[in-house]
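Sequence lines, in order, name chains A and B.
With this note's numbering applied, the first sequence corresponds to residues 1415 to 1723, in that order.
With this note's numbering applied, the second sequence corresponds to residues 134 to 610, in that order.
Take these hints with a grain of salt, some might be off.
As the list claims (entries may be wrong) - The calculated label-pair distances, taken between Cβ atoms and stated as ranges, are:
id, chain 1, residue 1, chain 2, residue 2, range
1, A, R1460, B, T228, 29 to 35 angstroms
2, B, R200, A, D1569, 35 to 41 angstroms
3, B, T228, A, D1569, 33 to 39 angstroms
Since the hints were made in silico from the structure, they are not lab data.
In this text, a Cβ means the ideal position worked out from N, Cα and C, and glycines have one as well.
What follows is each chain in one-letter form.
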Amino acid sequence: MNEKKSMGQRIKKKWNNGDIPMWLMLFPTIFFIVVMSIYPFAWLIRYVFYDYNGFKAYFVGLANFNRVFTDSIYWNSVLHTFEYAFLKLLFVLPLSLMTAVLLQRKRFGSQLFQGIYFLPTVISSAVYSLIWYFIFATYNGVLNSFLRAVGLINDPIDWLGSSKTAMIAVVIVAVWGAFGNYMILLISGLTGIPSDVYESAQIDGANGIQTFFKITLPMLGPVLKVVIMLAITTAFKDYESILVLTAGGPNNRTHVMFSYIFQMVFGTSQAASQLQIGYGSVLSIISALIVGIVTIIYLKFSKRMDEIS
Amino acid sequence: MKRTRKLAALGLAGMMAVSALTGCSSGGGTETKTTNGETQKGGSAEETKKEAASGEKVKITVWTDNRHDLDYMNKVVDEFNKTNDHIQIDYVAQTENYVNLLTMAANSGQSPDIFSQVNPTDFKNFAESGIIQPLNEYMTDKFKKVNEVDEHKYEGYNVQGDKVYWVPGGKRSGSRFIYNKEIFDKLGLQVPKKVSDIPAVSKAITEAGKGDYYGIIFPGASGPFERWIEHSAEMSGITPYSYKEGKFDFTGFKPYIEMVRQLLADNSVFPGSSSMKIDPVRVQFSEGHVGIHANASQEATVLTEQFPAKMEWGVAQLPTLDGEIRGSEACNPNTGWMMSASTTHSKEAWEVIAYFESENVLKGYLEGGYALPISKYMEEKIDKTKIGRMADFAGADYEAVLPVAPSVTPEGETYRDALWNACLQEGSSIDETIAKLNKTYNDALDKEVKMGKTKRLVIKDYDSLHPNAGTIEYLDK
């Protein structure tokens, strides 16, 4: 009886502390993480030792792991992923920071431009990639016509069909699709910087460039750290627009890790070949490790950014 | 106040959890929506009887990946739904990832009752994993007569042993050169008969076009190799699989790759071809910007209805290596329907298949130019004056359904991707590509035969001009 009472009291105490409501509120999220992330991951791990085409699984031991070492297309796709991520970050971060600084203050039209630049974030990447597919068209494409009209090129460029330009084309689409999102995050960071800091700098005679590098950038540190981390992880995981624009071609030139894995696990629209879910699972785990290592390295080197503010 | 907020939060959390759980608990078995709005599990034959006895129509769900015939099929389905007193067809056209959707639906017990046929690789998987069921016991004499079932049994295509899983009601022709007649007439050119003639003809067209039209076009992003190059090779007696030896051999494709490289080096290929999908290719041809395009009989309706050509166009047989036909070109049986092994309404599902492949429905289908007739019976029944440009693709006596080569999973690129990549100017070495494919495919074949995943097909007396006349052997080693 006493035990029951104490149990009841304990529950009441936990209820009043907010522990029980917290767990109850967390339950749906935890449930979905288990169902949508942990279970599929466990499912995936199961097949790394199998040749599995979605119908029947054949045990192959370590064959899937051995194959990784000789799969030149995969290792090239890893290099392409780094190239793609590097080029994307090289342009997307300065561009989003620049537009954020320009559009953060309430000026005529600043809200409109914020909306326009943010628009690609709310459009499906498959949809805007399809639009870009037509913009990049070699024969009578919008981009080639424009470049010819302004006298920059004489002959049309085969943007998506040439090994020399295909990666540049997919990076252009990636930058266009991403910078608006980071711009909004940075604007929210910029609004958190107290105005009296800028006023003091002005009194001390700091010019615009000095203000940007000595006040804006350092005080934006924590937000910038998160934005860069998001940009890195997203850049390493991008593949949707690549599948629409080039499907990894020409000659596998734009295959990144996850576009290659996607085609391995889900097949291509026209290839009547068997799915390779077991081998794709091994590649997924290796690719996840690569992205994880890159993120850890970044977090280690970006620790200083937290201390600045 | 604090207490009220906590209770409200608890209530919300509870609702979310319950909705999450209920959302995940649905599924597992087909669902049939009855007319009184209740949803029940697709159940036993007893339920079917009950439905029939109570006058309710049995719903038969049909999936298809064919979009070109959708207008006609919708009419046919409407007609059926209006006149049939015990079956209601729910006809659904799936746009993308058809096989994946079917597989997922089947694995989660939600397979449609009937679905349009799939390619040989998926057919093997579907049959061996019990997703589809044989139709032998349902077929009536009338059905067999109209569709000439016994003459159209293709092992690995629609049949496994004695079991017939789908019956073709029509076929798609092999590939043809589809050419801009006005350009050819204006320049006094002949459609190439030999593969080695293609670069010169394409170059002449491109030079005359001065940037307005080009010699030839490839759908680089929509299976360019199998679109016609592989078919031209078949007509030259070259196939990826050596039936006589029971192994893969890609050596014969070398002159084809060299030919495409020559075309690209001459700039005779429509700019941007290597990244073009099939529809933009069709548009450029129908606009008159291309001399030679190639595809199978589906182009008859595409170039007259979907993207009507703005100029006169002709159809010619594909060129071969020496100008002579040394092998049969593959054509594809189609217009067939598979029945789910898990359907609880197999009798009704068969009624729908029999209706889709009945003389009346097929007559309208074939006269509409959606497929070519495969049975002689239907060929005699249709009014050929109504089939329009489909007639240009009909009647090729050099076509046949080729024996299905073992489907293997090589460690590396598929041969179609690899051979097309070797065609590109910046592509890898032709000899290295071929050597690598020979190795990866034969290694995969040896391994998968050993594993029991597939069998080695050998036709010792294989004749490329009569591919189905030989003695087929399936070996375990």
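Requested in this report: State, for the Cβ atoms of B:T228 and A:D1569, whether the hinted interval 33 to 39 angstroms holds or is violated.
Outcome: Holds, at about 36 angstroms.
Query raised in the report: If you check the beta carbons of B:R200 and A:D1569, does the distance land in 35 to 41 angstroms?
Result: 36 angstroms, holds
Query raised in the report: Do A:R1460 and B:T228 keep their Cβ atoms within the hinted range of 29 to 35 angstroms?
Result: Holds, at about 31 angstroms.
Every hint, counting from the list given before, is met by this structure.
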